[in-house]
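J.: Join the two chains into one complex using the hints; note that each chain is given alone, in its own frame.
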Amino acid sequence: MSQDLWIKMANLVFELEKRLSTQQVPAGITRNIDRMKTVVEEAGLLLLNPTGEAYAETRTDLEASITGSASGTLTILDVIKPIVYVSQDGRRSLLQKGVVIVGQK
Amino acid sequence: MSSTINFAIDLGTTNSLIARAGNGSVDIFKNPAGMKVTLPSVVAFRKDRILIGDKAREYVEKDPANVFAAFKRKMGTSESFFIANDGTFKTPIELSTIILQELQHFIYTGEKPESVVITIPASFDTVQSNATKEAGYAAGFKEVLLLQEPIAASLAFANKEGKAGLRGQWLVYDLGGGTFDVALVKIEDDEMKVIDHEGDNFLGGLDFDQLMITQLFVPYLEKQFGVKDLASKMLSAGGKYNKLYYQLLYKAEEAKIGLSNHPHADIEFDFTDEEGEEEEVFFTIARDDFDNIVRDKVTYSISFIRELLERNRLRSGDIAEVVLVGGSTYIPLIRSMLAEELGIVVNTSIDPTTAVVEGAAYYAGSKTSKLGGRSGAGGSTEAGVSGVQGTGGAGAKGDAAGGSKGAARGTTGTRGAGGAGASIEVKLAYQPNSREQAEYFAASVIRAPRGSRYRITRSDGGYDSGLKPVAERISEMLMLLPNTMNIFQLRLYDEKGELLDAEVPEIGIVQGMYSIYGQPLPNDICLEVDDTDNNITHLEVIFERNTILPIRKSVTKTLSRTIAKGSDDQLLINVLEGSRYSSPQSNLPIGIVSISGRQLKTDLVKGCDIDLSFEITESRDITVTAYISMIDEEFRQAFSPSSRTVNVSRMKEEVDYLYRVSQRQLDRLLQKELYEESAALQQAMNELDSIRQKLQKVSEDDVTDTKYQLDDQKRRLAKVIDASERGGKILVLKEEYFAKKERYRELLAQSGNPELLMRLEALGKEENEWMSHCSAQFLRWKIDEMDRMTWDVKRKDIGYITSLYLSYAMRPNEDYSDINEIKMLKKRGDEALTRRNPDEIVSIVYRMYELLIDKDREEEIRGTGLR
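These protein sequences, in sequence, are chains P and Y. The opening position of the first sequence corresponds to residue 1 in our numbering, with each subsequent residue numbered one higher. The opening position of the second sequence corresponds to residue 1 in our numbering, with each subsequent residue numbered one higher.
Chain Y extracted, bound-state conformation (with noise of 0.2 Å):
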């Protein structure tokens, strides 16, 4: 347990952070709702709930009399904001408290500091410090150390550059989003003081975007398009131009940034005139208009600096340096104007948002906390709350995920809170499934403290209900992500903003997937791909099984062969339904596409990029669409389960296909003297050979059924072949599997390789949900995704490379096609082995592999086109 207080808040005018420090480092937390480090330091009282950051800052403008901002201005002051909505008075130190009990939000590590540092400016006196410490307190904080924000940039920057970075005196040029502060720092017997400050209340980056829109976006549109007055028509609330205001906020903000880093900015929008006829705008902002447009304001800032040297008789040359901080500091123009007008060095090492509050986490790591044991990082301490607890999660349970519409889920969960052997119980109501956007969702909540306050978030940082008081029953429309298991936490805070220890059960509300108005597919769909490797085919899963219809999908393949102009090969997009794991032939065909070379008005050449959309509909109507980009052209057809198609010459292959199969097994199975088995495959095989028969007969046009007929008999065969494959060639193929699996696993870990190992793993991981029932085409498939994947590795290992090699050298020169050149390649290749260079080796295994006559090619079955 650390005595240390390492949680520090940099509680901006602006924007506030929060910060741990630990290990040496400084980790700064980002809100769990939209995931960014700052907070606005903005609260929103709206009709019935308290909105915080962000979301509460979308209101500052349109409702003042409820939304208050920069209160830190009025800190210390007897000042008290008053709240339209519910009649009330805030005083700043209260806003203050509401922004530094959120930003505790923000600790994902789940500790609870008890102790924190908390930055003031330069310019606050000891009744403004008081009154932050007391907001620090009010928040839950049991010991509150106050930094000067000036000396927490500082010592960022000192952390940056070590101890040789701190010498005689220097400047904080601080300048935000809509303040500015300038300080004078310097190290007086060994430690760190403001000496002087300066600074404007109301200047900050938000002027510049303003003056880009004045100066430079409006007499650009009012030139271009003739539009009159078109300021005040874009400022004014109900005016028509209003809404473009808003844009150009953004444009100019973002031709900001972008002309930090580079020396133009290209600005776009749809802009519609007096006319109402809509115009793009394109134009191109140099740094040069916009340092023109800017330079005033930064020369006055730079004025405040002369008088702050002045004040304290100091000249340029008696600071060391200027350190910046604040957004808007990324600004070229004013580093350089810093440099060029005082002639000092700037300081750019830091990262001028994050500086203060890195700085003072810095400092509060540093810092023995005087409670000690109980403070910072140790802190999970449960002060002031205790009690027994209830019982938790019993309750009426709804039906679970998929279960019928109207099957509400309740449940309830009971706490001791507070201490006063009172406990909370909480009572949930919801559908667990929903095919709306927002869901209904109501709880009871019994014997919570008065003036507890509820909220409810969503995990994935999408949704927050605010601040709401808590009555005996509460309700809130949760706004859901589409198509996903969405997962809310409902969490209870006492009138101080202390989260209260009640039990509340998780809330679960999947949308789209599983509601039962939705149609589940029963199988995968798979695409029919070519495994040019090993002249087979295999499945690629389009649509997974348990996907809701309707759903659409592209992909793009490329062609495995080239097709030529008017010939009888056809490029064949084959949509099946089955299993991925099993072999094409046995699943169900739904859909085939054939592009045939008589269509073609040119050659499709061997690897053109082909893109397939895929769609269902509820009423499971298949669209293939195919788009070859080569020749400009789509192919388009719609399959319904009605009419189904069956592509005769496809079927043709397969059959035969199926046959030469079947007979190498049934040979493995004879010379195994397994009579049994080889029977029912015998069986097999002359069921084949009569849909061959039969298929002869069959034209591609027939208006019979006879094709469906005889497709469902090669399903049904090539079904029973797959089994019996299963007792011998698979239990091989899984040994090889298994056996270079594990080849690999240790060559990847000898060659250093982490990623790759990693991809390993991640591949044996999936292992189960096939192992038990795929076909072998698909574990020879996943054998060669292992070869693949280490094949980069394994040619650069010697040993592989070397007994690749032998394995062709010891093959008979007869089985190769050409007896002269593979003596010499063999000749060539011992040489090699004993220079051992592994390119050389693998460059000779290349050719010996082509001039191979017989390539286990007995089991090849012609492709798809489509890999």
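This is chain P alone, in the form it adopts within the complex (with noise of 0.2 Å):
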């Protein structure tokens, strides 16, 4: 399977992830979201995701919306994307920047 497609793949299992983390879910369904989490991490890629982290525009891993006011300190409050890593011959690489939303806590 090519890259591309890994990639939509784990955006889609990260989106499932994160539609069901706001209601009760069977852990049979949490289980086989692990098993996908697994299966993409075994193809080589690391998902990050940064929600809650402290937003700096050094962060060039990430891609920001900036709502409200920009100064002061900003939250990553939303990922829309996550951000995906590659490995490859031991080093890693971005391959995904996550598509964030940031601003005041």
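Calculated from the structure, these hints are not laboratory results. Hints are not guaranteed to be accurate.
[To be verified] Listed next, with one range per pair, are the computed distances between beta-carbon atoms:
| hint | chain 1 | residue 1 | chain 2 | residue 2 | range |
| --- | --- | --- | --- | --- | --- |
| 1 | P | 33 | Y | 823 | 52 to 60 Å |
| 2 | Y | 713 | P | 20 | 49 to 57 Å |
| 3 | P | 33 | Y | 314 | 57 to 65 Å |
| 4 | P | 75 | Y | 446 | 17 to 25 Å |
| 5 | P | 34 | Y | 694 | 41 to 49 Å |
| 6 | Y | 564 | P | 34 | 42 to 50 Å |
Note that CB positions come from ideal geometry on N, CA and C, so glycine has one too.
T.: Below, the structure written as structure tokens:
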């Protein structure tokens, strides 16, 4: 499977997990999601969810939309797409920037 | 050394790109931060740093006083931009220079081009063109050639189609993210020329996204959830739904892209209504809906073409085709309306995003540089930068990775720079290990030229400090990627943005992995699984030695045999600590979960999946969870190092197995008259026998320490037996391993299967890790791995299949369970050999194997039930 398809799959798994995080879900579904994440990891991708982390303009792993005022301490309020790194020959490189919404908490 | 220019830059209003021509093809460079080919043409002057591209774009709307975009439109004017943060002015040329310099950082080959082709819109006049050239020179190029964008796109198209595609006159329709241009191009006197052009600087893909929000998303949400005046609540910075606006912009863009390929796009997002209720929004947009809202804009763009044709007294029939450029031209409506309304053939053969830079690179590849040999591809020159190399890499060194807390690393690098004899000295100080998300970094920079800037980037592309002024002491919080070695580069640039020749050591910070705060695992943690082909078990590593605790992992295994409901048979999840290369019996059992037939409500059928999760806390508590999807049941057990778990019936099986293995080995040693070695083995066997007897008296729920003591003894003896095998059995297996590897390598090379050959070579590369200390079981497992890997190739090789058949056919009939059938099989086999059909012979061999009585099963052990 090509890397593009793996990224699409990773995004879908991420979205699914995010949507379910606000509700009570049966353990079986959580388990299946964990399994899907393991498969994505086995394909060499590292998925990061930066929700709640402080935002800095030095973070080139993020594509941010800033809500409200851009001054003061900014926090990542919402993650639309996760950050995806790939491991190749023992080195990591950024494959997909995280698409996030940042603002004051 | 090439004397052609080769390098080309598309310096766009919205995005810029850089490419290089070579060997007849074009390589478009990617941004090392983010790996995209496009760099947004935006520069941000934040309080303490300069940001370029994607990061700068984020602040376009939020900090307009310090962030500048679309400055290309002002090229050649006397307008300057005031930067509120530092009170200075920047001209459009200076801002373009920054973009051009940034694009040069994309060149991963390390080349430093001195000549370049830069594209300009057809509408640029002489002053604007000269301004572009000036930006090129200021960015460090010694020679700058300009090329009109429609010509560049046409060249990309011509290269794709061959010369036949370049007849008569054609239109280049360029609709990007925020600008629109259309140009009439033709060949006159063998020269491609832009005859006329038209355009709107404020029309592009972003308009379509916004139309989707205001005309499709907002009415839907207002109607569905009774929200009033949603649009203004979304667009005001402090509005309740401001965050939603940004979410919807992404959703709109995604839907727009989706609708270019599919008739429908699904929109899905969460929405909080006025009462604060969380709602799931899901609706579908048809391409027709999208077409209806953007139709007016497309019609508007076509009106420019009509004007252009009218002005040049041309009819649609005079135009050979329309070449599409710019990301927005992927929209099917644009393609169909251009064809329908104008009746002109629409050419979509080139990539609209990269067409301009690609065409410009082809042009650059054909243009000779006036600088001669110093230009283009060969340009790894260091003109203007000379000096004597100083002493690099010395200085106080801190502890290496894994070192103690507080041992900061200090390194020094100096190198001559600027040709003036003065050398820049850089001293770095930082923690080589960190458990934080960001680590403090400091450096002192001595003798840097006035106006110098520095920049720190992380090698994986996830961090960029931006360009910051150099002071004698500089400091930065470096963002770290978790559980990995983070490599950063510090680079220095002079006033003009040229890289300074200062030697700065790489900055390496390990996050999480080797920190003394986390406890590393002293041994591998493995799971015992069945090798059903050989009826033995082997170890599969779950957590590698030195992994930092706490840790969690899930694996999915398959049931290797059916476990009947109500039976005494059991499925064992046996977690062991030790070396993954040794036998399961010699490793320390740290947790075992047994699921017996008596616990089951229904049979567990061979082949069903079992999800296993393993979790080890920092204090080494282990939790094993097994979930069997077939019966939807979860088994969970936690083990702590203080309460070791030993399964008595499993130990009995293991002791029996070890006894049989040592008996066989003892016979071999005695045959070879190796009495000294056999004495040690005999002693081990006596002890095993004594364990066997003691185990008979121990019940499964025995509360004394006896079973633990016996388990310790068993492991010690397993090691003795492992070691004694190494002398004899292992040697034979090693010979078999290497002989097979060589044979398979030849076979795969002949069969032309490079992928399998690579996998075989990869297997060989790992050999050194385990060859000297592995168990016989491990080696046999590796041989099987090679056998399996090559089986598809072997089964088609008539020579191999023939010899395999003969090895079975030569055995006496008495070795088989059914003499009549084996006789018949041998007869059929001999006939099949004459037909030389490998598949037919293989099917006979399979059956012969099944009939074989002694399948070398003396060493088998009842498995765990997992594979």
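J.: Looking back at the hints listed earlier, which ones does the structure fail to meet?
T.: 4, 6
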